[in-house]
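Novice: Sequence:
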Amino acid sequence: MIKEQKRLAEGLSVTSKVFVRSRNGSAMKIVREHYLRDDIPCYSLACSECLDIVKPDARGETPKFILSSKPTKCNSATNGHYLVVDTNIILHAIDLLEGDLGFYDVIIPQTVLEEVKNRSIPIYHRLRALVRKETKRFVVFHNEYSEDTYVSRLSNESINDRNDRAIRKTAKWYQKHLESKNIDIVFLCNDNDNRFKAKKENIDARSLIEYIDDLPNADELRDLVPADMTSFDELHSSDIMFPEYYSNARIMAGVKNGTVFQGILNISQHNILQGQVNVAQFKKPLLLMGSKNLNRAFNSDAVFVELLPKNQWKEFSYTIVEEDALGGENPDDENIVEPVISDKERQLLAQEAIKETAANRKDDSDKRLQPTARIVGIQRRSWRYYVGQIDPSSVDEAGNAVRDCFVILMDKQLPRIKIRTRKAAELVGQRIVVVVDQWTTTSRFPHGHFVRALGPIESPEAETEALLLEHDVEYRPFSKNVLDCLPKEGDDWKVPEDPNDPSMVGRVDLRDKLVCSIDPPSCVDIDDALHAKRLSNGNFEVGVHIADVTHFVKPGTALDAEGASRGTSVYLVDKRIDMLPMLLGTNLCSLKPYVDRFAFSVIWELDSGANIVDVKFMKSIIRSREAFSYERAQERIDDKSDNDELTNSMRILLDLSQKLKQQRVDNGALNLASPEVKVYVDSETSDPNEVEIKKPFATNSLVEEFMLLANISVARKIYEAFPQTAMLRRHASPPSTNFEELNDMLSVRKPGMAISLESSKALADSLDRCEDGNDPYFNTLLRIMSTRCMMAAEYFASGMYGRSEFRHYGLAVDIYTHFTSPIRRYCDVVAHRQLAAAIGYETLDLSHRDKGKMELIVKNINKRHRNAQFAGRASIEYYVGQVMRNNESEHEGYVIKCFNNGIVVLVPKFGVEGLIKLDTIGDVATAEFDEEKYELHFTDFSGTRRKVGVFDRVQVDVKSIKDEVSGKRKAQLLLK
448 MIKEQKRLAE GLSVTSKVFV RSRNGSAMKI VREHYLRDDI PCYSLACSEC
498 LDIVKPDARG ETPKFILSSK PTKCNSATNG HYLVVDTNII LHAIDLLEGD
548 LGFYDVIIPQ TVLEEVKNRS IPIYHRLRAL VRKETKRFVV FHNEYSEDTY
598 VSRLSNESIN DRNDRAIRKT AKWYQKHLES KNIDIVFLCN DNDNRFKAKK
648 ENIDARSLIE YIDDLPNADE LRDLVPADMT SFDELHSSDI MFPEYYSNAR
698 IMAGVKNGTV FQGILNISQH NILQGQVNVA QFKKPLLLMG SKNLNRAFNS
748 DAVFVELLPK NQWKEFSYTI VEEDALGGEN PDDENIVEPV ISDKERQLLA
798 QEAIKETAAN RKDDSDKRLQ PTARIVGIQR RSWRYYVGQI DPSSVDEAGN
848 AVRDCFVILM DKQLPRIKIR TRKAAELVGQ RIVVVVDQWT TTSRFPHGHF
898 VRALGPIESP EAETEALLLE HDVEYRPFSK NVLDCLPKEG DDWKVPEDPN
948 DPSMVGRVDL RDKLVCSIDP PSCVDIDDAL HAKRLSNGNF EVGVHIADVT
998 HFVKPGTALD AEGASRGTSV YLVDKRIDML PMLLGTNLCS LKPYVDRFAF
1048 SVIWELDSGA NIVDVKFMKS IIRSREAFSY ERAQERIDDK SDNDELTNSM
1098 RILLDLSQKL KQQRVDNGAL NLASPEVKVY VDSETSDPNE VEIKKPFATN
1148 SLVEEFMLLA NISVARKIYE AFPQTAMLRR HASPPSTNFE ELNDMLSVRK
1198 PGMAISLESS KALADSLDRC EDGNDPYFNT LLRIMSTRCM MAAEYFASGM
1248 YGRSEFRHYG LAVDIYTHFT SPIRRYCDVV AHRQLAAAIG YETLDLSHRD
1298 KGKMELIVKN INKRHRNAQF AGRASIEYYV GQVMRNNESE HEGYVIKCFN
1348 NGIVVLVPKF GVEGLIKLDT IGDVATAEFD EEKYELHFTD FSGTRRKVGV
1398 FDRVQVDVKS IKDEVSGKRK AQLLLK
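Throughout, the numbering used here is defined as the position within the sequence shown, counted from one, plus 447.
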């Protein structure tokens, strides 16, 4: 009672929220007090009353009033107006709200903010960012805590109806509150029922289209309206193009009884009408063929699938089908009709299919048949920003869009998107960004809307931004909140000289060690360094020293949140997209030579066989003696006349690293390969001028071996300390089915050769045996193809798997993590914090001790790591294309795939692979594809009968062309 009286004295009133929770079959009533205030301001600079009553909050901060006293006007609200927005506007039109063409002075009721958070975390974060962007003047009004706007839920009223009423009351309150200030309130809502009720309450309520049509720049804004908020003729068609998805109840019942399965859809890179879904119960993926069986799903969507009857099972199609070749149609082999079979029959069908895929039979005529399925529901859409270009054929000669125009996406595994825009003629030849809004059963194509133009196709700026957007890489400058977390001294920051300084306490001074770094040329973000010396007992002391990033990046700060969100730095040919601000990466944390730096050190005592005698971990201070490139370090080691201490220490490191590598090889570590090339760019113009295959030095391996050893040692230490949440990295062994086709190719094309999969050691040994005396590159080619059959390595928290599943198959070690690159990987930041706690240096933040929070962290960094890899490869591909642009030449290539209407050839010189369609090299009508021998027989244009097969070495003309459909420059290969 005393507490309630105190609250009332402070201007608070009390209401109650009642919940009923059931536990163990018994109900428990929970009553929570909900305090209402009478001093929540409207945040308008025109309102002197609110300015007078506002008080500092618990932190002593006064809320900012940012709604303009002279807001923008529309044609019918000549006094100027504020916008109150409903949830559906934010969820569907966030791109429009973020733009600079309109939407200022926007009020977001707290009810709306909470609904958005519950329905879409990514959009919620974007909305919070808009609120922080003061130039847009977005405010959150806490209507749920205001005496004037709070509404209780009525009996028999749904939560949704209650929330709609709360939002309308907020709009009504603002309307009355600012009536004397000559500021109108416009309630923006696309829900017809809610808008109708608002109008009955004399609120100026409008749909998004109605509001935009009332603005002076309506023509510009109409293009940005989501498709589901406008009208497309096709959306109202009565023709059913696709089957309806099952209801949630039917899907859940199917999952429970084993007739509906979940998985991720993977569309074929060479056939847009063919996809596969990996399902846990099946050893082989389920095959989906035809647009109706794919049923409006995008590549990477999480889908629900249902098996088709056995008489509809099919062989994998070896036909190349690209979206642009469909001519606006999506032909299927047959009209898909829902099979009329019972659940019991479906269960038996599923059991039979599981046995079929497990049997791996090769002795009957049905050996190539695969169980087929169709999509009956979408669990999670993978929709994002997409980059493409307007299809010129959808714009007439006068430059007008023909009804609606199509956008051809850069990603060939995705369908074209239909948008409506008045600027079609202006956008032809531009890279543009679009968003998908919906794909109905009555439309052949998904519908979306235009977001913005990036610039002319093939301009470096537009192409670089395009690939960053395509791979969901955050590249915007760091915010002021993030930069404010950096040391105020900036570039002048130095390691404190006072040994009693708090940052020096507990650190070990290692500035007497002969530390050096060995990195790629021109490396500025140096995050690792090494030292070595011989001990008096004949053993060796070896140290790996890693930049102490966590000294500057503290948990719970904006800087830490940004690093966690970005997950990793992204390396492109011409630039680097940093995970952390440049001041940290290239200065304060970079282990540059000749200056004192904070580090986290791992120091071993190794015997002459490179076996670990002892290991210690410590926060330290180091002073690197030199920063070497791989080549320069190699030259110094090889120079017999150079015998100074630093050079000799590098020789010790090289000798021990070779022994460490041999130990890994003996244990079964894999030596795989990828077609890596380096693109040289002009330092002044940024134009690419040369491509060459990367040449590794022994010093590359030297650094790699000790980084691996550090990662393994740290993994063991943090797992011992935190068995449920240690940040680790695993690499699962590949299923034998992943290598089936490659082994079949070898047995046919290279008799006597085979890849063994009993263990990583067996696989490594078998790869070593696959040598072709007539072709020294063949073994490298086979390693490249084997790499593509492997599982992807992934980060995980130790409590997510059993101990036996921690193994890193490729490295042949039982436990592993990433610790050695905290400047560019957030995983390493977490590992540093856990190691610091494990050695008692500092306590560990809750976010790295909580299993649920760690699972969210690893999920994000796995995604970011994968996207960064793809973005880096796409950058190399783009610049290689530019190098080849005016340099047509003949090169050696290798056939790596055969289809019945083309082949795929890898060109080692450029590290690129290209599709050679049959119609560019010969007569399609007389071609024959032998699936058993992986060979394509055809008659070339000279009339000569030819044969090409997988692993064949061929001569090709290589040149760079621009794909007129996608606008993407690619390598064009012509068979000689």
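FYI, nobody ran anything at the bench for these hints, they're computed from the structure.
Accuracy of the hints is not assured; some may be wrong.
Subject to a maximum C-alpha distance of 35 angstroms in a straight line, what follows is the list of computed DSBU-like cross-link-like pairs (lysine-lysine) [what the hints assert, rightly or not]:
1. K703 x K761
2. K730 x K1394
3. K859 x K1022
4. K1087 x K1106
5. K628 x K520
6. K859 x K520
7. K1106 x K580
Restraint ranges, calculated between C-beta atoms of paired labels, are given here [as the list claims (entries may be wrong)]:
8. E1052 x F763: 53 to 61 angstroms
9. S1012 x G1246: 43 to 51 angstroms
10. F763 x R1230: 36 to 44 angstroms
11. G1246 x K1356: 43 to 51 angstroms
12. S1183 x V971: 40 to 48 angstroms
13. I568 x D1089: 56 to 64 angstroms
14. S906 x R1235: 31 to 39 angstroms
15. D1191 x L548: 53 to 61 angstroms
16. T582 x N1095: 41 to 49 angstroms
17. K1356 x A900: 33 to 41 angstroms
For glycine and all other residues, C-beta sits at the position ideal for the given N, C-alpha and C.
Novice: Evaluate each hint against the coordinates.
Specialist: Outcome of the hint check:
Using a Cα cut-off of 35 angstroms, the hinted pair K703 and K761 holds, with the two alpha carbons roughly 27 angstroms apart. Restraint check for K730 and K1394: satisfied, since their Cα atoms lie roughly 34 angstroms apart, inside the 35 angstroms limit. For the suggested pair K859 and K1022, the alpha carbons sit about 26 angstroms apart, so the restraint of at most 35 angstroms is met. Of the pairs offered as hints, the one joining K1087 and K1106 holds, with about 21 angstroms between alpha carbons and a cut-off of 35 angstroms not exceeded.
A C-alpha spacing of about 14 angstroms is found between K628 and K520, which places the hinted pair at or below 35 angstroms, so the restraint holds. Annotation: proposed proximity of K859 to K520 is violated, straight-line Cα distance about 44 angstroms (limit 35 angstroms). Between K1106 and K580 the alpha-carbon distance is near 56 angstroms, which puts this suggested pair outside the 35 angstroms criterion. One distance hint, 53 to 61 angstroms for the beta-carbon pair E1052 and F763, holds here, with the actual separation near 55 angstroms.
For the hinted restraint 43 to 51 angstroms between S1012 and G1246, the CB-CB distance of approximately 23 angstroms leaves it violated. A C-beta distance of roughly 25 angstroms is found between F763 and R1230, which places it outside the suggested range of 36 to 44 angstroms. Distance hint check: the CB atoms of G1246 and K1356 are about 47 angstroms apart, consistent with the given range 43 to 51 angstroms. Our hint of 40 to 48 angstroms for S1183 and V971 holds, since their Cβ atoms are close to 45 angstroms apart.
Under the hint 56 to 64 angstroms, the C-beta atoms of I568 and D1089, about 57 angstroms apart, fit the expected range. Against the hinted window of 31 to 39 angstroms, the Cβ-Cβ separation of S906 and R1235 comes to about 32 angstroms, which satisfies the hint. D1191 and L548 have their C-beta atoms about 57 angstroms apart, which keeps the hinted 53 to 61 angstroms range intact. Checked against the hint of 41 to 49 angstroms, the C-beta distance between T582 and N1095 comes to roughly 60 angstroms, which is inconsistent with it.
At about 35 angstroms, the CB distance of K1356 to A900 agrees with the hint of 33 to 41 angstroms.
Going down the numbered hints, you'll see the structure goes against 6, 7, 9, 10, 16, while the others check out.
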